[in-house]
Amino acid sequence: MDDFERGLERGLHELFDPYLAERPEPWRARAGGRAPARVAGGLGGALVAKLATGAVLAALAAGAGIEAANTNSLNPLDWGRAVSRQVQNAQPGRPSTPAAHAPASPTPGRQTPAATPVAKPPAVSPPIVSPLPLPTVSPIAIPSISPPAVPTIP
Amino acid sequence: MESSDETPEQPSYRPGSETDFERLYLRSRQRVLITLTGMLGNRAAAEDCTQEAFARAFKAWKSWRPEAPAEAWVHRIAINVAVSYWRRQRLREAGEIVRRLGQPASPPSPAALAERSDLVRALRKVPPKQAAALVLRHFHGYTNREIAASLGIPERTVASRLAAARAQLQAFLGEGWR
Numbered sequence: 004m005d006d007f008e009r010g011l012e013r014g015l016h017e018l019f020d021p022y023l024a025e026r027p028e029p030w031r032a033r034a035g036g037r038a039p040a041r042v043a044g045g046l047g048g049a050l051v052a053k054l055a056t057g058a059v060l061a062a063l064a065a066g067a068g069i070e071a072a073n074t075n076s077l078n079p080l081d082w083g084r085a086v087s088r089q090v091q092n093a094q095p096g097r098p099s100t101p102a103a104h105a106p107a108s109p110t111p112g113r114q115t116p117a118a119t120p121v122a123k124p125p126a127v128s129p130p131i132v133s134p135l136p137l138p139t140v141s142p143i144a145i146p147s148i149s150p151p152a153v154p155t156i157p
Numbered sequence: 052m053e054s055s056d057e058t059p060e061q062p063s064y065r066p067g068s069e070t071d072f073e074r075l076y077l078r079s080r081q082r083v084l085i086t087l088t089g090m091l092g093n094r095a096a097a098e099d100c101t102q103e104a105f106a107r108a109f110k111a112w113k114s115w116r117p118e119a120p121a122e123a124w125v126h127r128i129a130i131n132v133a134v135s136y137w138r139r140q141r142l143r144e145a146g147e148i149v150r151r152l153g154q155p156a157s158p159p160s161p162a163a164l165a166e167r168s169d170l171v172r173a174l175r176k177v178p179p180k181q182a183a184a185l186v187l188r189h190f191h192g193y194t195n196r197e198i199a200a201s202l203g204i205p206e207r208t209v210a211s212r213l214a215a216a217r218a219q220l221q222a223f224l225g226e227g228w229r
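First to last, the sequence lines map onto chains A and B.
Heads up: the first sequence is residues 4 to 157, going by the working numbering.
Heads up: the second sequence is residues 52 to 229, going by the working numbering.
Read the hints as simulated data drawn from the structure, not as lab findings.
This one's a predicted model, so the numbers in the text were calculated from it and none came from an experiment.
We treat Cβ as the ideally placed atom computed from N, Cα and C, and that holds for glycine.
It is possible that part of the hints are untrue.
Stretch by stretch, here's where chain A covers chain B in the computed footprint (C-beta under 8 Å, at least three residues) [as the list claims (entries may be wrong)]: (1) 80-90; (2) 168-179; (3) 184-191; (4) 208-222.
So here's chain A without its partners, still in its complex pose (with noise of 0.2 Å):
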């Protein structure tokens, strides 16, 4: 090696030495988001997606068959007219339970009898709530599978 390329050397190693005592972010995060797009985009997304349709179709499912179980039928309109019966026979202004409306205090430990003045109850007969019929669901009959005759070879 001649004086020239000594020269060289420490030319080069005076210019482009600092740039090795910089440390490159990882190749991952330079390649912006690359592996989080193709998870969305591949398998994982067709997982994800099929995991979100079914369990959407399982609660359609699970209300569904409350209503039918309901109404004992799988007819969606009997389903409806079942809620309008309801709200039908729903009596506006009058509570389902007295308890429900009762005025609450907001220390009920410390509550004395002399102390609560206890209001009367107004003079209204008790309200006449009619259960709707519980539907009865019968069990699907299961058929009995008789095994075939085996023939018998003589």
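Using the hints provided, position chain B relative to the given structure of chain A.
Chain B alone, transformed into the frame defined by chain A:
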């Protein structure tokens, strides 16, 4: 095989492994950037070309053959990217010269002045692959085999390329340099 035969000089990589590509990137990114800055004389352009080169290398990582040194393989991709950039830049500069004929020249930016050491200016005048060969040998200490792999030339022609590059650089810098 998880890098069991790794040595400081030649680490082992598995083609297609993202983890290994990350290691290769962290190990060689700055060195590739230095080579391209020596070729182009412009750090910002070298940064862009380096990023482009690693993106291409990542796409081709499965096809990398362990027989070729990995860093020299990335260098080869990067040098090709930089040569393409250099050619486009020369066409653009020629267009700018024609467009600005008769107009006063704009002063260079401070960032450009920082990159205009006499050595960088001289390297910019040398053909880009020759400039790359000089940086690979005299900064990175590459062997003839590694330079050949980086430039995509036969190993037996490396010495003559280096001699031609050195002669050109010396002519631009002058006899009294250093």
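Hints and how they fare:
For the region 80-90 of chain B, the proposed coverage by chain A is satisfied: 7 residues have a C-beta within less than 8 Å of a C-beta in that chain, meeting the threshold of three. For a cut-off of 8 Å, the count of residues in the region 168-179 of chain B with a CB near a CB of chain A stands at 3, and the three-residue condition holds. Given a C-beta distance limit of less than 8 Å, the hint that chain A covers the region 184-191 of chain B holds, as 4 residues qualify and 3 suffice. For the region 208-222 of chain B, the proposed coverage by chain A is satisfied: 3 residues have a C-beta within less than 8 Å of a C-beta in that chain, meeting the threshold of three.
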